[in-house]
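Novice: Chains as they are written, first to last, in the UniProt record's numbering: chain A, 1 to 135; chain B, 1 to 135; chain C, 1 to 135; chain D, 1 to 135.
It is possible that part of the hints are untrue.
Because identical chains share one entry, a pair is satisfied inside a single copy or across any pair of copies.
Said to hold, decoys possible - Subject to a maximum C-alpha distance of 16 Å in a straight line, what follows is the list of computed EDC-like cross-link-like pairs (lysine to aspartate or glutamate):
id	residue 1	residue 2
1	Lys25	Asp103
2	Lys25	Asp65
3	Lys25	Glu119
4	Lys25	Asp120
No wet-lab data here; the hints were simulated from the structure.
There are 4 protein chains.
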Amino acid sequence: MGITLAQAQTALEAAHQKAVEMNVKMNIAVVDAGANLVAFIRMDDAWLGSLDISIKKAKTARFFDMPTGAIGGLSQPGGSLYNIEHSNGGLITFPGGIPIMGDGGKVMGAIGVSGSTVEDDHAVAEAGVQAIEGK
Amino acid sequence: MGITLAQAQTALEAAHQKAVEMNVKMNIAVVDAGANLVAFIRMDDAWLGSLDISIKKAKTARFFDMPTGAIGGLSQPGGSLYNIEHSNGGLITFPGGIPIMGDGGKVMGAIGVSGSTVEDDHAVAEAGVQAIEGK
Amino acid sequence: MGITLAQAQTALEAAHQKAVEMNVKMNIAVVDAGANLVAFIRMDDAWLGSLDISIKKAKTARFFDMPTGAIGGLSQPGGSLYNIEHSNGGLITFPGGIPIMGDGGKVMGAIGVSGSTVEDDHAVAEAGVQAIEGK
Amino acid sequence: MGITLAQAQTALEAAHQKAVEMNVKMNIAVVDAGANLVAFIRMDDAWLGSLDISIKKAKTARFFDMPTGAIGGLSQPGGSLYNIEHSNGGLITFPGGIPIMGDGGKVMGAIGVSGSTVEDDHAVAEAGVQAIEGK
């Protein structure tokens with residue numbers, strides 16, 4: 001199913017490190033190619049409500065193989081995917097979820113981050129992705 | 001887990017008293033730091049649909065450590081947290097939920113009120129908060 | 001819908017008092033004739049998992065207008081109501097839930113208690129019922 | 001909210017190490033005192049269905065402050081807690097979930113393990129608990 005636990009932990013640690021540097025408190029989740037959770041951490045005093053959101057962001061990014069914010073652009077009133085958030089037990093379509101690509105350009109998982117502004121969430125998720133793809 | 005039952009009942013009674021003075025019929029819920037229900041009352045003839053809303057408001061306020069209305073300002077179409085309400089089994093993001101701070105400035109729980117206008121709901125919730133924080 | 005908030009609080013306080021006397025830590029819920037929550041308390045350090053169970057016991061007792069333990073006798077393997085617990089979003093059919101009868105012998109609500117042995121749970125629920133019916 | 005992320009990771013790593021030694025593939029979850037997830041890992045090729053079970057075991061252990069197997073002994077047909085599994089969105093009551101006690105003897109969280117026999121699951125969970133309590 002794509003990403004290994006070792007890879008997921010590498011992404012998680014890089015994202016965690018980035019969050020510490022940015023002085024933000026995050027929930028960070030990594031799912032595999034089957035959109036099932038592989039690894040998760042909640043930093044001390046991170047928002048409790050962001051637990052579910054971080055997992056939903058990771059799942060949403062893998063469900064559609066694109067950053068969550070790209071879906072949010074289409075799910076607005078009048079948009080082509082209006083209210084797609086009602087599917088799959090609840091999607092989160094604002095930034096903070098990013099697919100993770102494997103060597104052959106195939107999606108092998110995704111990371112989801114929640115706990116600060118959507119810009120911060122996305123930056124921390126990106127640090128996690130880079131730790132794997134950047135190698 | 002933060003708030004005690006005695007404190008939760010103090011908040012509940014103050015909010016109830018305020019609702020009686022305002023001649024509104026409310027559902028009032030208090031959750032602890034883990035966002036789990038500690039105490040609840042539904043006034044006679046209060047809207048039945050407000051039962052779930054009051055509990056969701058209290059949970060939402062603790063999930064993100066801010067008044068529910070502050071989240072609603074960001075979850076509108078085009079906003080950065082559009083449709084965040086699909087997370088955590090359903091959030092309520094209009095006014096009426098407020099975190100309750102402990103002595104050290106740490107959130108120890110939250111109160112959620114529903115049954116009238118959102119302005120009335122917030123005012124009744126505020127009365128509950130003041131009964132604890134104002135001491 | 002039957003029981004008033006004042007009556008529910010009378011039952012709740014009597015049950016709470018009984019729990020203190022018995023030195024047990026309980027979750028106590030009262031529902032009205034519509035099986036909707038009217039009042040609830042969770043004593044400090046009571047089992048967190050008993051929160052949902054106390055509410056489900058109160059609902060179950062009103063759903064079938066009998067003590068929850070009576071249903072549990074019929075829901076066993078081979079019994080006539082085998083696995084009835086799958087209905088209504090989840091029933092709890094062991095002791096601790098008791099209907100509350102109004103003046104005309106009509107059910108006006110129910111109380112559910114959870115946090116100790118089923119015998120203790122039932123005894124505390126019975127104290128709540130007596131506070132209203134015994135008048 | 002009890003357990004810190006650092007403590008949860010200590011428990012998780014000790015349990016992971018034990019699983020590697022035993023040559024079993026596990027899902028391992030740690031929740032805090034509010035029964036909310038703090039850290040999770042799924043080992044490569046571990047049963048996918050054990051993901052949810054490991055989290056439910058951790059939650060169940062904290063919900064009732066006892067090892068999950070102790071509840072399973074009471075929830076059998078004819079037992080005093082028959083079908084308690086229908087509460088709290090689904091409990092898991094066979095071995096593999098254990099509360100984690102803090103310094104003052106207060107429960108600060110719980111660990112849940114799933115992926116092998118219930119004896120193996122319990123042994124791996126116990127290794128996680130010992131890494132914190134044994135200090």
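Novice: How do lysine 25 and aspartate 103 come out at 16 Å by Cα distance, when the copy is not named: within, between, both, or neither?
Specialist: Answer is neither; intra-copy 31 Å and inter-copy 22 Å both fail.
Novice: Are the CA atoms of lysine 25 and glutamate 119 at most 16 Å apart within a copy, between copies, both, or neither?
Specialist: Answer is within: at 14 Å inside a copy they meet the 16 Å cutoff, but 31 Å across does not.
Novice: Should lysine 25 paired with aspartate 120 be assigned to within, between, both, or neither, using CA atoms and 16 Å as the limit?
Specialist: Classified as within; 10 Å inside a copy, 33 Å across copies.
Novice: Evaluate lysine 25 and aspartate 65 at a C-alpha cut-off of 16 Å and name the case that applies: within, between, both or neither.
Specialist: between (26 Å within a copy, 13 Å between copies)
In this structure, only the earlier hint numbered 1 is contradicted, and the remaining ones agree with it.
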